[in-house]
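Listed here are the chains, written in short residue letters.
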Amino acid sequence: MGQGGSIVPFAGWRRTRLLGESPLRQVLRAVGDRVVRIAEDVVGQDLDARIAGIKTHLNEVGHDPFGFDPETSRYALALAALLHRRYFRTQVFGINRVPQGRVLIVANHSGQLPLDAVMIGSAMMLDADPPRFPRSMVETWTAELPFISTLYPRLGQVVGSPENARRLLRQEESLIVFPEGARGISKTYDHRYQLTDFGLGFVRLALETGTPIVPVAVIGGEEQYPSVADFKPLARLLKMPSFPVMPQMLFGMIAPLPVKYRLYFGEPFRFSGDPDDDDSAIEEKVWLVKSTIQSMVNRGLRERKGVFV
Amino acid sequence: MPNTQISNRHKPSARPGREPIQERPSARAPVARGVFGHANELPQQVEQASQPRPTTGTRLKPAPEGSVLVTGVCGRLGKLLARELHRTDQVVGVDRRPFADRPKDIVHHQVDMRRKKMKDIFRGRNIRAVVHLGVLHDRRRSESDRHTWNIVAFQKLLDYMSQYQVPKLVVLSGANVYGPQSNNPQFLTEDAPLLGAQHFGGMRDLVELDMLAQSFFWKHPNTETVVLRPCHIVGRVRNAASNYLRLERPVMVMGFDPMMQVVHEKDVVRAIQLALRPGVRGIFNIRGPGEMPLSHLIRQAGGRPRLVPSPLAKLALDQLWKLRLSSFPSQELDHLRYVCMVDDSRARTELGYEPAHSIDRVLKDVRRLRYQLS
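Chains as they are written, first to last, in my numbering: chain B, 2 to 310; chain Y, 2 to 375.
Bound-form chain Y, shown alone (with noise of 0.2 Å):
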């Protein structure tokens, strides 16, 4: 799409002039990144693409000194991320909106993940590692909206991985693509089946997307790919999950009250860091503090559950989605009917990972952006 291209090169994020800038150093050569200081006072991060390091696409062995790639780093996850991250490491962003209150050393590109614009930063820098973050989970979006973005934009930055043999890939799939269902057993281990899509045909993308990341293990063993599936990630994100603890009265359906399990965001921050290390790789289930009925969840985060029938709660939740009042697809009440919950022990083992935040600090967490809001 050529029309595409050129509004693109008119983007502020484009490089603008395409001057030629020294590449930014490793945190090896202290010399070198006092000089880069005040290049970097430009309001963009700007850097050469098309000067190929000498080291790229003939690597052998990874480079300690390469950067972290971080799609949809501009979510409120992404942001934590890079910021935890680029205090040991070079951190590449790649998101569509802008990344206003960025660390200086973090390096950001203003793209979409399908454009062409990809493949140079991924031949223009050393990239050790790629944290995929940008998914795409707005249930108002279309089906093809997001299967673009989901699937092909995710199976682009696969192709350009095997390309320029990037050692790691670390996804953030979620517990969700093993789908809430009643003959689920107590805690799902990471051999279960994906049947997320199976009652809620939205999910398709994102179990997709965990069966890519799959198949993307097994068929590039020189590359050590880990999924991630953390159960509600929550905190001061805007995500469903979140969102939902935040309410006064959240709706639960009447009669049911599955156990939940809840994890804080920065401890999710923290598995995806002892992802990033080497050696590592494999499917992991994160999981929070520890889990409790829906409804004592609610009740600690501040708020008090309203009870309602499920029949009843479709119809409304259905006409409020026509009416586009509900971002809630009602499909997705089985979250607040089955259990749907992780067994974290493999990341415990193999990861060593340990979730830190307890619950109270957990909802408080959620608790803090309702009041600022109101």
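Chain B on its own, in the form it takes in the complex (with noise of 0.2 Å):
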């Protein structure tokens, strides 16, 4: 209290709350400080500096134009890099094939969660050099969702359009991309590591911007939720792409399988040619790409020794 000598009691503390942060703030600030700190000793990197590393195209007042706040990332990198190195134990090859500058990163989706895009964005953080902060594209609807409309974007994610892709490699920037989309993440065990189709809209994009894709095939993100079936009517009834049926969840194993992620980048391919041909000539390309991943993810599978070691 002020030499004023305000007779209400804590009348000062109140003020100088409304002025500053709220506690709830404070106390959500200090634990992420504390899981930094325990990331960075347990990873042995020095987390913030990786972030500190990153190119950013920050708007005339200091903002992402799309978002991205590398305070709440700081936060995302820390957990992410606690799975990346502890949890999945992820083996990353052939990550200086990465190009400067725009870059289509083009993988295989797999496991139910998206923690393969989890897992190649940590590797361009932690293991490439300068780290790069690779964006990915969302489901729309995730944008009518509350709290995690805010988190994504905060993480770097965006909305999935056309637009906001070309946006992004026009200002250099690189961009994680599925194009199984939910057909690939949502696969039965007996379908693992078979790719399913893959949409044309990628090779177009990286035509009109001159983008070269890179290939990466992603292993062990198939078996972190074995599922066994997908059950349609209720994922109908829920509006969800698909509703797994995941035995380890009968048994209360609600984290995924301890697997060992490998992650394989692949040579980059420069495409030339008109974005707007035919979709037999497009077609060429994406098959290019996709037999390129499935020949890496063959391989992978042949040189691992096991699914969790």
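No lab work stands behind these hints, which were simulated from the structure alone. Remember, predicted model here, so these are calculated numbers, not experimental data. Every residue, glycine too, gets a C-beta built ideally from N, C-alpha and C. Hints may contain errors.
Said to hold, decoys possible - Chain Y regions said to be covered by chain B (calculated; three or more residues, Cβ under 8 Å): (1) 111-124; (2) 185-191; (3) 289-300.
Build the complex: two chains, separate frames, hints provided.
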């Protein structure tokens, strides 16, 4: 309380609280900072330096136009680093093949939850030099969900639309694309590591913006949440793309199985041609990317000794 | 309606006495301007409409000395524009409201745009350009009221424009016509569909107004039509966006924090001035000094957001609306949930527009009125 001497108890406290941050926010910040410090100790890397090392494209008022917030992202990076290094013990091959400047990172999609995107993202942040911050495109309906719609943009996720992708590539960002989409991520266990149909949009985008495509094979994601069936009626009822039936949930295991992730980055493709070409001409290029990823996946599967080692 | 015409004649704004008074001369005739200076001491600018100018109607190319007609001139934005424009151009203002503190050389007609008098203004003056700001945004007005004002009156204005071959039209639409949607791209270009009325029927007239201007653009290639779509205009104006930012505890929808763009009113005025240059035509998005999350914007404006869950906010707003305690329909909550931001690269390259006011200055001007009010 100041010299004026308010007789109301805690009046000064209330004033400072109103001016500063809310207590909840202060607690969250303290917990977040602690998590970052723990992650730095475990990983052995300076995470804040990695965040500071990424190239940003800030607007006139010092904000990322897509809402990326480094403050929130450092907490997410800490969690991702723990998953990457400790939980999934991810092995990364050929990350130096990713060229500087604009790039499309095209990978196979798997595992019911998009942890493969998290692993690619954390590999780019922790293993690439200089660190790259890849953006990924999320479903449009996530923008309708409270909290998620705030969290995703702050972590650099962008609502999937061709205009957004074009804009990001023009400002020399890297973009993670899963051309299989929901078909790929909700595969049942019997279809594991079999690539489903690829969309054509990513090749058109690459041709239009002159962007190299880096194929990536993700090994390990298919076993994190093995699904035995897709319960379609319930999915329709809940307006979800699929409703996977996962046996591990019956045993109360909500966390993914601690599989070992392996990421193989291939040589970049540099296509040239007309982005508005016929589907058949585009399909050839898509097929080239898809078959490369499939062969990389097959090779990775042959090389690995086991799912968890 | 004969009744209204009679009452119009008795309005103080209508020409008193109909005595023939000299037409206001152009800025190129300095001697005439000096003479006219005395006539200007009349309480209301009087002009003679019945005597047609020899150049009107048969004009082949735009006369540079023509005047600029500004509809809705008595709004805050209209006044600002008139004050900027009258330094270089002759300004004719049209509004239902009186223009009390207008500069002496601005001619003001206190008329309803739907009245016949509008035609007299076009006939009697050499109108070089029309700036249409007279758009009714008041959500409390009935749908039909807004329709007749925003659509019927605008349609009439367009008729007069084609009849008297006015070479320039500038319409102030807004980025709201694109509508806030969850699947919007982060930055909307001028080609994006106008879906503003998709979830909120109250926007229909504003979308239709934009469409009317667009169709006029194609139907009358001799008229250079410019449609400006600025993002939320803030400053010392009293519109929904500014009033919202002036609140101490503005409501934010819990779990949503969309990126927002605001533009200073004076930047919009400058964009209109740029659009008035000959040779400029088309649709231009106008953006302010940069985009930031809504929560940051509120905090920077000196407020503290009050987080309310979406269903509760909707329920409360509906009730407040019914009780006439709020003038903010609940459907407009979408502005606080989804992005509706524009890409102004076209305005920068073709119009030469560049926002001059920083975000601090913009928010300072917003705040200033709050402190004046309190």
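Tested hints:
no. : hint    : in the structure
1   : 111-124 : violated (count 0)
2   : 185-191 : holds (count 5)
3   : 289-300 : holds (count 6)
This entry does not satisfy hint 1, going by the numbered hints stated previously; all others are met.
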